[in-house]
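Number of protein chains: 2
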Amino acid sequence: MSNLQKEDFSAWYIQTIKQADLMDYSPVRGCIIFKPDAFEIWEHIQEAFNRRFKEEGIRNAYFPMLIPESYFTKEKDHIEGFSPELPWVTEAAGEELEERLALRPTSETMIGNAYANWIQSYRDLPMEMNQWANVFRWEKKTLPFLRTSEFLWQEGHTAHETEEEARHRTMRMLTIYQEVIESLLAVPVYEGQKTPSERFAGAVDTYSVEAMMKDGKAVQAGTSHFMGTKFAEAFDIKYLNRDNEHVYAHTTSWGVSTRLIGALIMTHGDEQGLVLPPKVASRQVVLVPVGPWKKNPEIMEKLSTLRDGLREKGLRVIIDDSSNSPGFKFNEWELKGVPMRIEFGPRDLKNDQVMIKMRDLSEKESVPLDDVLSYIPTALDNMQTRLLEKARENRKQHEYTHINTLDELKEHIEMKKAEGEVPGFVLAGWDGDPETEAKIKEETGFTTRNIPFDPPVKKETCIVSGKPAQYTIWLARAY
Amino acid sequence: MSNLQKEDFSAWYIQTIKQADLMDYSPVRGCIIFKPDAFEIWEHIQEAFNRRFKEEGIRNAYFPMLIPESYFTKEKDHIEGFSPELPWVTEAAGEELEERLALRPTSETMIGNAYANWIQSYRDLPMEMNQWANVFRWEKKTLPFLRTSEFLWQEGHTAHETEEEARHRTMRMLTIYQEVIESLLAVPVYEGQKTPSERFAGAVDTYSVEAMMKDGKAVQAGTSHFMGTKFAEAFDIKYLNRDNEHVYAHTTSWGVSTRLIGALIMTHGDEQGLVLPPKVASRQVVLVPVGPWKKNPEIMEKLSTLRDGLREKGLRVIIDDSSNSPGFKFNEWELKGVPMRIEFGPRDLKNDQVMIKMRDLSEKESVPLDDVLSYIPTALDNMQTRLLEKARENRKQHEYTHINTLDELKEHIEMKKAEGEVPGFVLAGWDGDPETEAKIKEETGFTTRNIPFDPPVKKETCIVSGKPAQYTIWLARAY
Ligand SMILES: [Zn+2]
Ligand SMILES: [Zn+2]
Numbered sequence: 001m002s003n004l005q006k007e008d009f010s011a012w013y014i015q016t017i018k019q020a021d022l023m024d025y026s027p028v029r030g031c032i033i034f035k036p037d038a039f040e041i042w043e044h045i046q047e048a049f050n051r052r053f054k055e056e057g058i059r060n061a062y063f064p065m066l067i068p069e070s071y072f073t074k075e076k077d078h079i080e081g082f083s084p085e086l087p088w089v090t091e092a093a094g095e096e097l098e099e100r101l102a103l104r105p106t107s108e109t110m111i112g113n114a115y116a117n118w119i120q121s122y123r124d125l126p127m128e129m130n131q132w133a134n135v136f137r138w139e140k141k142t143l144p145f146l147r148t149s150e151f152l153w154q155e156g157h158t159a160h161e162t163e164e165e166a167r168h169r170t171m172r173m174l175t176i177y178q179e180v181i182e183s184l185l186a187v188p189v190y191e192g193q194k195t196p197s198e199r200f201a202g203a204v205d206t207y208s209v210e211a212m213m214k215d216g217k218a219v220q221a222g223t224s225h226f227m228g229t230k231f232a233e234a235f236d237i238k239y240l241n242r243d244n245e246h247v248y249a250h251t252t253s254w255g256v257s258t259r260l261i262g263a264l265i266m267t268h269g270d271e272q273g274l275v276l277p278p279k280v281a282s283r284q285v286v287l288v289p290v291g292p293w294k295k296n297p298e299i300m301e302k303l304s305t306l307r308d309g310l311r312e313k314g315l316r317v318i319i320d321d322s323s324n325s326p327g328f329k330f331n332e333w334e335l336k337g338v339p340m341r342i343e344f345g346p347r348d349l350k351n352d353q354v355m356i357k358m359r360d361l362s363e364k365e366s367v368p369l370d371d372v373l374s375y376i377p378t379a380l381d382n383m384q385t386r387l388l389e390k391a392r393e394n395r396k397q398h399e400y401t402h403i404n405t406l407d408e409l410k411e412h413i414e415m416k417k418a419e420g421e422v423p424g425f426v427l428a429g430w431d432g433d434p435e436t437e438a439k440i441k442e443e444t445g446f447t448t449r450n451i452p453f454d455p456p457v458k459k460e461t462c463i464v465s466g467k468p469a470q471y472t473i474w475l476a477r478a479y
Numbered sequence: 001m002s003n004l005q006k007e008d009f010s011a012w013y014i015q016t017i018k019q020a021d022l023m024d025y026s027p028v029r030g031c032i033i034f035k036p037d038a039f040e041i042w043e044h045i046q047e048a049f050n051r052r053f054k055e056e057g058i059r060n061a062y063f064p065m066l067i068p069e070s071y072f073t074k075e076k077d078h079i080e081g082f083s084p085e086l087p088w089v090t091e092a093a094g095e096e097l098e099e100r101l102a103l104r105p106t107s108e109t110m111i112g113n114a115y116a117n118w119i120q121s122y123r124d125l126p127m128e129m130n131q132w133a134n135v136f137r138w139e140k141k142t143l144p145f146l147r148t149s150e151f152l153w154q155e156g157h158t159a160h161e162t163e164e165e166a167r168h169r170t171m172r173m174l175t176i177y178q179e180v181i182e183s184l185l186a187v188p189v190y191e192g193q194k195t196p197s198e199r200f201a202g203a204v205d206t207y208s209v210e211a212m213m214k215d216g217k218a219v220q221a222g223t224s225h226f227m228g229t230k231f232a233e234a235f236d237i238k239y240l241n242r243d244n245e246h247v248y249a250h251t252t253s254w255g256v257s258t259r260l261i262g263a264l265i266m267t268h269g270d271e272q273g274l275v276l277p278p279k280v281a282s283r284q285v286v287l288v289p290v291g292p293w294k295k296n297p298e299i300m301e302k303l304s305t306l307r308d309g310l311r312e313k314g315l316r317v318i319i320d321d322s323s324n325s326p327g328f329k330f331n332e333w334e335l336k337g338v339p340m341r342i343e344f345g346p347r348d349l350k351n352d353q354v355m356i357k358m359r360d361l362s363e364k365e366s367v368p369l370d371d372v373l374s375y376i377p378t379a380l381d382n383m384q385t386r387l388l389e390k391a392r393e394n395r396k397q398h399e400y401t402h403i404n405t406l407d408e409l410k411e412h413i414e415m416k417k418a419e420g421e422v423p424g425f426v427l428a429g430w431d432g433d434p435e436t437e438a439k440i441k442e443e444t445g446f447t448t449r450n451i452p453f454d455p456p457v458k459k460e461t462c463i464v465s466g467k468p469a470q471y472t473i474w475l476a477r478a479y
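Residue numbers (UniProt numbering), protein chains in the order written: chain A, 1 to 479; chain P, 1 to 479.
Since the hints were derived computationally from the structure, they do not count as laboratory data. Predicted model, so just to flag it, every value in this text is computed and none were measured. One should not assume that every hint holds.
Since the list can't tell identical chains apart, any single copy or any two copies may satisfy a pair.
As the list claims (entries may be wrong) - Think about it this way: if two alpha-carbon atoms lie no more than 27 Å apart in a straight line, the pair counts; the simulated DSSO-like pairs of lysine-lysine are:
| no. | residue 1 | residue 2 |
| --- | --- | --- |
| 1 | Lys238 | Lys18 |
| 2 | Lys439 | Lys459 |
| 3 | Lys313 | Lys54 |
| 4 | Lys364 | Lys295 |
| 5 | Lys54 | Lys18 |
| 6 | Lys302 | Lys458 |
| 7 | Lys329 | Lys54 |
| 8 | Lys459 | Lys417 |
| 9 | Lys459 | Lys410 |
| 10 | Lys410 | Lys458 |
| 11 | Lys441 | Lys417 |
Could you build the full structure based on these sequences and the hints that come with them?
Next comes the structure, spelled out in structure tokens:
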């Protein structure tokens, strides 16, 4: 067995996504191709969120991708935050444009302008829309799925009568992110608030869900922003309130992206390659005839019947009846992370059984043919649960809450490195000063992830200044 | 009742889409906002095509939007066809790019390059993928949904061992387009082949499905292209064949876009506004309490029970219990094209019935409460069928097959104009000469739509030259 995941996580990641045929590079720097096996994961993510959004009364729309420069500059913090990463269209149809058009990095400005036109009265509120779209951030360092120049995401944008309602929407979407990411992707997340320096450009408050990868690094898996009236003021989103006054609306925005694909790979993958949670696997079960199966047509007949029976239950099942050897097939479907493999050959036929191998367990199990149709859905559900539990357990093992000073943090990092272990997430006290925050990053490479709503321990003193801590905060290296 | 549709179809169209709240303009010329009621139509179109594509074994993927100029120029006809309409990114992240990047108008080049990397042997073929994406064509004249600078579409791209297989895929997708557009959107189409001058830039053969709008003009509703080995040669898509030789693959591409939304509006809309086929309506049924309903809570109770029962059957149903008057509500939901309205008030409660008004019929019908759950799905199915039949009939009335010369065509156009009628589709003989084709357009504004596989009449002489006709072809004004 390979040791690559443990020894060189980055190399393991690239090897895993290539061997699983999830992506390819493109001629444009930092832009990847999402191959069908990756894109289908995204489709399952979309389905799950669309269902939740619709339950909230939030509908999908589509807004133009190109944003005039003058719109971008209306909210000062927003343009400052995004301008270093924007690609610009300057020519079209053979002519220089009068005004440059940005490829959207996010659509607060485009949608803010539209909402200003559409919202007249409190009767028009709340206005709540989502869009699934491609967005662009011209990053210096890119990594497939986790940081690409073009990526896919959903961005929800809402406008409300009161601060309270807008804050409620902000927190509600964070909860939905947590629930879907944990239940669908089996990736546990920490909910909390970002520090001011890590806020979305133009937000009053930013909240995030943060996941821990197997190398102990963090992935910001989703964010939800309360904008107050900042964008409403910039775009003049005013409405006639119940007292007949023209006042600004309170807005929110929130998003998850294709980086969730990277997060799930780095959470569940193992030394054999990709491990997919059943709920998002494009193939949940692969049926492999073994032994001299071609001589006995009953083998393929039984397998076809089983496949059809499972498909009727709504499962995604294939038969691999190619001429490759069983060993080759086993390896290929393991690399691709297929949750369940079923082997069936002449001996199994005689014994009225199938052999079942779950991708995340090492032992095979024999299951009577009579029971298999009811066994399989449960086994897949169990694997889904098990992956989340394993990820929680791994996370728990790499959470450190006992570190009180920057020197202790540095020692921790050194010690874990010497042990061949990951430094993980460190819970620290923070005095709330952006300078102490900057110092943590400078001296350790750790950044503030978020301020958890419900920290496992309350830290009393700032890890840098030793002053009374205003916040208890997660620190980690991050993607 | 208004006469706008008959008198000024363009004005009617813009009024209809605005009153139905389907779209809004954006600050970027020719780029529209797809509001939720329009976007949901698109979502139903996506669902239907995804189902068909999956049955064909075609999977979704996602390729980068930005295409380096050097890729574009590899296929000479392709760049010539598209370069007049391309927007270009020339700067990103504060720096001038070394090579301009086009916003994709279509992805043959990006996908051709990828396929060249992925295809080694005949075992890799066929390779068949689809993507749902935004594309850009910087058009001089734009019209919401039908011609916008940015639009949404699907583009399928396949590579095959033989010409025969590629041609089969090309024709198969055309059939799927015809079937889905007719059964889902209730828009009848003519299948046929485009003339060389109307071919996709870089294709060997282009086929289309063409729909007739209520003003008699044509909308090209979908296209399917056989590329031969032209893109394979440009991008070096070679494979080792069964005889161990390196040979070029044969490729296809095919697409439908958000212009289908425009086509369905112009096919079914009437003087009262939008008419939506039940299969794509975001609200299939609206329940409206009438009379002094607030005094009798049983009214809303029965309506809620009915709504829940219909939702359990998978129907999309809402209750309009706002404080607007019934007349206001009736009008609003008619403008929005909701297929079925159900009125229910104290008198109906007493009579154990509901009043049902179908959007496309003028009379209301009373239906016993006991029957209503089984009545409604059938009534919606019937409306779906009726809309297609009506559209077929309208099309039939505006097909002209008796015209033999350009003078007769001009007379026909004049006469129809004088009658306040639409000139419709004219079936003509054509000698196959691009100069006669150009002359038709120049002198009448009619363009060649397609060469039907199975024309209602075979025309013997060319409408321009009087020479023996090589083709029988549909002519029409087109969007
Ligand atoms: Zn460990
Ligand atoms: Zn007519």
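(Q) Hints numbered earlier in the text: which of these fail when held up against the supplied structure? (A) Hint 6 is the one this structure does not satisfy, whereas the remaining hints hold.
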